[in-house]
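Since the structure of chain A is provided, determine the placement of chains B, C and D on it from the hints.
This is what each chain is made of:
Number of protein chains: 4
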Amino acid sequence: MTDMQLGLIGLGKMGGNMRERIRRAGHTVIGYDRNPDVSDVASLAELVDKLEAPRTVWVMVPAGAATQSVIDELGGLLESGDTVVDGGNSRWTDDEKHAAELGERGVGFVDAGVSGGVWGLKNGYALMVGGEKEHVDRLQPIFDALKPEGPYGYVHAGKVGAGHFSKMVHNGIEYAMMQAYAEGWELLEKIDSVENVREVFRSWQEGTVIRSWLLDLAVNALDDDEHLDRLRGYAEDSGEGRWTVEAAIDNAVPLPAITASLFARFASRQEDSPQMKMVAALRNQFGGHAVESAKE
Amino acid sequence: MTDMQLGLIGLGKMGGNMRERIRRAGHTVIGYDRNPDVSDVASLAELVDKLEAPRTVWVMVPAGAATQSVIDELGGLLESGDTVVDGGNSRWTDDEKHAAELGERGVGFVDAGVSGGVWGLKNGYALMVGGEKEHVDRLQPIFDALKPEGPYGYVHAGKVGAGHFSKMVHNGIEYAMMQAYAEGWELLEKIDSVENVREVFRSWQEGTVIRSWLLDLAVNALDDDEHLDRLRGYAEDSGEGRWTVEAAIDNAVPLPAITASLFARFASRQEDSPQMKMVAALRNQFGGHAVESAKE
Amino acid sequence: MTDMQLGLIGLGKMGGNMRERIRRAGHTVIGYDRNPDVSDVASLAELVDKLEAPRTVWVMVPAGAATQSVIDELGGLLESGDTVVDGGNSRWTDDEKHAAELGERGVGFVDAGVSGGVWGLKNGYALMVGGEKEHVDRLQPIFDALKPEGPYGYVHAGKVGAGHFSKMVHNGIEYAMMQAYAEGWELLEKIDSVENVREVFRSWQEGTVIRSWLLDLAVNALDDDEHLDRLRGYAEDSGEGRWTVEAAIDNAVPLPAITASLFARFASRQEDSPQMKMVAALRNQFGGHAVESAKE
Amino acid sequence: MTDMQLGLIGLGKMGGNMRERIRRAGHTVIGYDRNPDVSDVASLAELVDKLEAPRTVWVMVPAGAATQSVIDELGGLLESGDTVVDGGNSRWTDDEKHAAELGERGVGFVDAGVSGGVWGLKNGYALMVGGEKEHVDRLQPIFDALKPEGPYGYVHAGKVGAGHFSKMVHNGIEYAMMQAYAEGWELLEKIDSVENVREVFRSWQEGTVIRSWLLDLAVNALDDDEHLDRLRGYAEDSGEGRWTVEAAIDNAVPLPAITASLFARFASRQEDSPQMKMVAALRNQFGGHAVESAKE
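Chains as they are written, first to last, in this note's numbering: chain A, 1176 to 1471; chain B, 1176 to 1471; chain C, 1176 to 1471; chain D, 1176 to 1471.
Only chain A is shown next, with the shape it has when bound in the complex:
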């Protein structure tokens, strides 16, 4: 494997650690961030200048407007033969647009869904990649640097968009798995005869069908706070769960468990449930405080 040169845009928690992991593998990374304290160059233009053609630039900034703005600017700076990777959490439907926009200038486009969080620097990042084979192949040394050791944690999933789509589905599955453990935990906590719910969870870590990394995390959390008394029952969602359900609807695929998990998060963030006010109102109407019918 030859050492490569990579431009990396976005040096936040993820991007910064990825720069470090790629460098440790012997590649050269020129990083750019709006924050000059962490940036290697002063501007995108300087970053592009410092890279030898054909260039490879990895974009690692928030999905949506920020990514669009970087793609647009890169479109004006890069040359035919260069390649851009979007490693952020972009919606897969943006990938084709970005590929087309860059493709008009002869610049290749690869989308990469990246999983790994805070353990990625040490253990590697799982990568799901979409794009044309020639573009993906050029990036292979970088993907190899980032991915975990061993045969897993990397896939060329398909065409442009397939990487982010696979990562999105990964997150949808994650929602339902988290919900599964959460439902089970609540039910166990509710039953008086089950006296050691935390130890039940711990015991499941070997020999059971439901052992998993998420289960390990659940046990960690219960070791910190046995009945989770210090937490509120409030869960954000990051967008990828929503996109998963929308993709399913667009394709007439029923996703009952993943959608139930998403809706449970929505409901958890409501101070009071408007829909349950209406249910309560209808129940009151039965109770006799109402005239016979709204129409009379």
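Among the clues, some could well be false.
Identical copies go unnamed one by one, so any copy, or any two together, can satisfy a pair.
Claimed, not checked - Mimicking SDA-like on lysine to any residue, the simulated pairs with C-alpha atoms at most 20 Å apart in a straight line are:
#1 Lys-1365 <-> Gln-1445
#2 Lys-1225 <-> Gly-1256
#3 Lys-1308 <-> Asp-1319
#4 Lys-1272 <-> Gly-1256
#5 Lys-1308 <-> Asn-1210
The set of hints was computed from the structure by calculation and includes no laboratory data.
Only a predicted model underlies this, so the values are computations on that prediction, with no experimental measurement involved.
Only chains B, C and D this time, still in chain A's reference frame:
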């Protein structure tokens, strides 16, 4: 139609009005209630004494222990050829037991699901009846007195248990219909461009697919309190929704909408959601505050 | 009410009946359809020509490309002061685009969700309308002609888009109500002791909480085919259910019952369920035909 | 740890392997099965005879009537101070009855949920145990023999019933996890741009949030049959998923994802969906083939 003599046990809101409606139809009702202020007789024994054989006794007390106790006592007082109707909200699985218990003494048993609430006295009660034809036929004059005018509002649904089962399913359907309107209302209220949600609901009362008595009640409720600000999003459930889901599970029938409606009520009654605490805890674990794995 | 002149584009089942109902109310309708057999004019240009300014044109063609094409063409033909109504099943997110496009030329835009189907000609069409007050007011005589008699069946729901949004939510509610009755019916049919399911449904038409027009239709259907033996359990969806769920997701509103109803339709159209193949595959793996772990 | 003597009733796939694993740990097992080819003794009476008091008897037969019959017979054979373990898949609500029945004769009762399937012999069985401490402590050498090595795979979850309850919830969680992967797989398979769904699944086995033993099994299954073409989308359920939902309903705990998973299995086993016939029938009614209302 010959005038009948009926014993009626339980003279609460429902039972009291039913006595009145049956009397207005020209039948004789001897009512018993634990509350002497409303009772016509001092005891069940006196009630049975005053009825000419073959007797017909309508039980209208809370489901469960209260109904069981009355059935047990009647079993000791009635004679072969008499008939008991359970018009309360008993679980249908109790009906066969009660029929068997009374049947050993030659006493017939009919179960009757009753709908109508506060409008029943004026408009009649919808009746869903289960039992042997000979027992049901004997009660027909009473059923005719109670039911609404016209061809609807009464059915001999089938064998013992079929009346309560039908009423239970009626309530399950009611849960999902209430939830349907409630979900739609919440979504409309959420969108800024929809400025007159109450008037949208009102407009639906004619010419639409979703016009219904429940919709009329919803408009009533919105006329009282346009945005339901005076209510909490908190809804009880009465048992019949739960039984509906349990009957479905016993019969491997999927009931996704009815069950979702029941679960929404459960969630509405939680101060904080334990399962969402676990989801939040797992999200925190991703955030890097955790050791790598609970197992290390 | 002064008689109005209206251009009506799209004379299919809905549009043709609407033309008739508006004419019966004394207004002048010039209709255009691609099918010359039903069209009053040969082209959109001729239709616009024949209307006196300020013109009012009602678009009643399929949502999406067909509506877009008509709006585009009208944009080139109409003049400042004219008004366009989109009475088709357009997605509400299209309304703002159409309003902006026409607004640039001074042409007003109103969106109208229309319910009524085959009974609309006789009984009137329920109308949910969005747009600026001045544009809506101009159309009032036409709305009055179309709507059912009496105080219901018409609402000015809010700004542009609010009409189609309200109609969309109407359809979402409709999905869950249909599902509610369907679930109840399946459960009743499954229980041997309930011998007269059709009569149970019929009895519910008076005196119950769940009486509705949809229930009346269900009884109609069961009168035609008591156990629905002549039908397949296969249900299409029309787009508005999907949009309702997507709008809910965009606004973080949980819609469990409506979404369950949509997913049930998706599943009904699958010859075989891919996701259940995976569940079956995992169950097989437990059964011992697998090596210990895919990783070894 | 002293070697123990254990009576083991039920020598099927699970029981036979458990006998072997306990023997390998140095304990004495006297096994009884209705099948004389695998049984060590000719009858339960002989088994009880051969054990020295205080005896320990492990029941490993199908839940329900078979287990009840063995418990009843043991109740007549055992003496005060003996202990019975029910290691089958009994419903937790049976455990208290069995404990009371045996307790009247001074016989202790422990319930044990056992997970492990075909890998249990080699890797150990995960055990979730309920009962009084003194009874559980007596069994500890056997539990230690059966469980996996290391700190996991065994828990004394609480009082009588807590073992089976915990195992039941384990299975409920398992349903939702299987459904989560299955939904994700179906969605990925549906999208053309994702060309290597199997490899996406394989890649997830390291570095992702959703890595698990079930994921490993899914990859195994896809290695056997990449698109699962050889399977039907048909999944049985074993009872424990149903009991989990029923326990949740009894305790007003919302379980949307687990219940959705159960209902998906129910639906997968229907040749045709009755409820979707009703939805189709209602849609037909809209289409104009119906009279206006069932009531006219």
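Inset, instruction - Up to 20 Å between alpha-carbons, please classify Lys-1308 paired with Asn-1210: within, between, both or neither. - result: neither (34 Å within a copy, 50 Å between copies)
Inset, instruction - Since the copies are identical, ignore which copy is meant and state whether Lys-1308 and Asp-1319 lie within 20 Å (CA to CA) inside a copy, between copies, both or neither. - result: within (16 Å within a copy, 53 Å between copies)
Legend entry - Intra- versus inter-copy proximity for Gly-1256 and Lys-1272 (alpha-carbon distance at most 20 Å): Within one copy, since 18 Å is at most 20 Å while 38 Å is not.
Inset, instruction - Tell me, please, which holds for Lys-1365 and Gln-1445 at an alpha-carbon limit of 20 Å: within, between, both or neither? - result: between (23 Å within a copy, 12 Å between copies)
Inset, instruction - Could you figure out if Lys-1225 and Gly-1256 sit no more than 20 Å apart (CA to CA) within one copy, between two copies, both or neither? - result: within (16 Å within a copy, 58 Å between copies)
Hint 5 from the list above is the single one not met by this structure.
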